[in-house]
Each structure stands twice: as structure tokens, then as C-alpha cells.
Amino acid sequence: MDLLYFIRLFKRNIVILFGVPLLLSVVVYYFVRNQEKVYQSEAIIYTGITTGYSIESTVQRSTDFFSTSAQFDNMINLLKSRQTVVETSLRLLAQDLSLEHYNPQYISKENYALLQQSIPQRIKDLVVKNNKNGVERKKEEQVHLLEKEIHSLEKKIRKKRNLAARESSTFSGNQPNAKSRRPQDFGVEKNKAKLSISANGNFVTHTVLPGESLATIADRYGISRGELIQLNGLSNGNISPGQSLIIQKLPSRSSSKQYHVVKPGESLYTIAKRYGINIS
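Okay, so the sequence shown: first residue is 106 according to the numbering used here, each after it adds one.
A hint or two may mislead.
Capping the alpha-carbon separation at 30 Å, the derived lysine-lysine pairs in DSS-like fashion look like this [as the list claims (entries may be wrong)]:
(1) K244 - K229
(2) K253 - K243
(3) K234 - K253
(4) K237 - K253
(5) K234 - K244
(6) K214 - K234
(7) K214 - K229
(8) K185 - K229
(9) K261 - K243
(10) K260 - K244
(11) K237 - K214
(12) K261 - K244
(13) K229 - K243
(14) K253 - K229
(15) K243 - K214
(16) K243 - K260
(17) K265 - K253
(18) K244 - K214
(19) K214 - K185
(20) K253 - K264
Don't read these hints as lab results, they were simulated from the structure.
Hey, can you work out the whole structure from these sequences and the hints?
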């Protein structure tokens, strides 16, 4: 075969020589275009107890049946020893207890549920999660719950204070006289509160209903418990149903009395007409 024959053979099969590899490259690229570009491989290095090879040297050493058997016996005894079993079991138990939910990579769902039921809480508290044991985690959860309750109570207190302030401002607004004050001025329904004006017109009183206390009454009318005790001169916080409590002092009205000396021929009608008094 000379060079000229080789050139003619190359020209005759040039399509096959270039077309087949190109087509194969396109097909391979199409089927592997979405595959991951990172791969992971694992290998087990055998140190060669039986063969005589090791990772330290590629030269085979002479092997002895008795020494090889003794090494295998030592390895098996080490794996079966109580210390190894205990340490391995504790590590596996701690690993499974540290899981928040079951993970099929470590434990199945059924075994995880069985483990949670069979392990007492004092053992679970020994597991350290995020550098905290069970007792510390419980304290932290209790602190978070208390903070939430405190924030909720603060919101309720602010809401009640704002409501009491609006009711108090409504009650203490400009009104013509004390007798025009009604229970709804306090923002209280008539069927739930018994308000009245004292005989001398100087106080607004509340009749205690069953189940009421100083705190609920003070909160209802927007005043403090201490003010309620001071207004009524109470030595303690004990009250009873039917008892009248002073809610607010009304401005005292100065009343000046006038006297008329009856003259002969005057009547009650004429005297009342003179002073503009209705006697009906």
C-alpha cells in the first residue's frame, strides 16, 4: 500500500471518518446536558492484613497464618467489646434524640416514634442541642412564653386604660347640673350598673352587684382601686352586694336661703308669683 492509495481511501471515506464521531458527540451531549457536573466517589482502602500489602509500602511482606488469624481475632474482639458497644450505642442514641423530626438517613419514622415513647424525659434533657441541655431549653421556652403573655397583658391593659380614659372624659364633660348625669355617662349599661345621686347631690354612688369587686368597679369607671378606697374610707378591700360606693364627688353647689315675712292679705300663690316659683 503506497501513499497515493492511502490518500484515495481517505477521500473515499472522509464522510464516515468525520460524520460518525460528530454524530456521536452530538448524541452524547444531548443525553448528558442536564446531568450534574460534580461527582462524588468512595473507596475502601484495605491495609492488607491477609495479603501483606499496606498503605505505607507497596512491597508485599511475608504473611503468617497464625499472626494473620491473631490480628483478625483482635479486630473482632475489639468490635464486640463492651466498651465499643456502649460508646457506639450512646452516640447513636444521642444522635437520634437530637433530631427534631425523624430522618430516614438515620432512623425510620416508626423507630423514631418508639424511641420517643420509650425514653424518659430526664434522659432527653441530657441531650445537648445548640449548646443547651433540656433544662436550659425548657427555661428558654418558658421565658419566651412569659414574654408573649406579658406583651398580651400590656396590650389589654393599654386598651382598658384608653377605654376608661374615654369613659371618664365623657362623664366629666360639661353638663348643666349634677341631676342630668346618667349611668350611660360612665359607659355602663343600665341593667348592669346601679348609679344614683346622693341625697345632698354631692356624690355619684354605685350599688355593688353580686360578683363585683373593688378592682372591677374601679376598672369599669376608669378610676384606681386606691382612689375608690380613699373616697369611701374603706380599711380593706372587702365589699358586699347592695353596698353603696362613692364613685365621684360632684362640685358643691352654693345655696343661699331667702326668707319672706308674710304681710297681711298675702297668699302662697302671690308670694310664689313674686319670686318666680312654681308651686304646682
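Self-check item: Hints violated by the structure (listed by number, smallest first)
Solution: none
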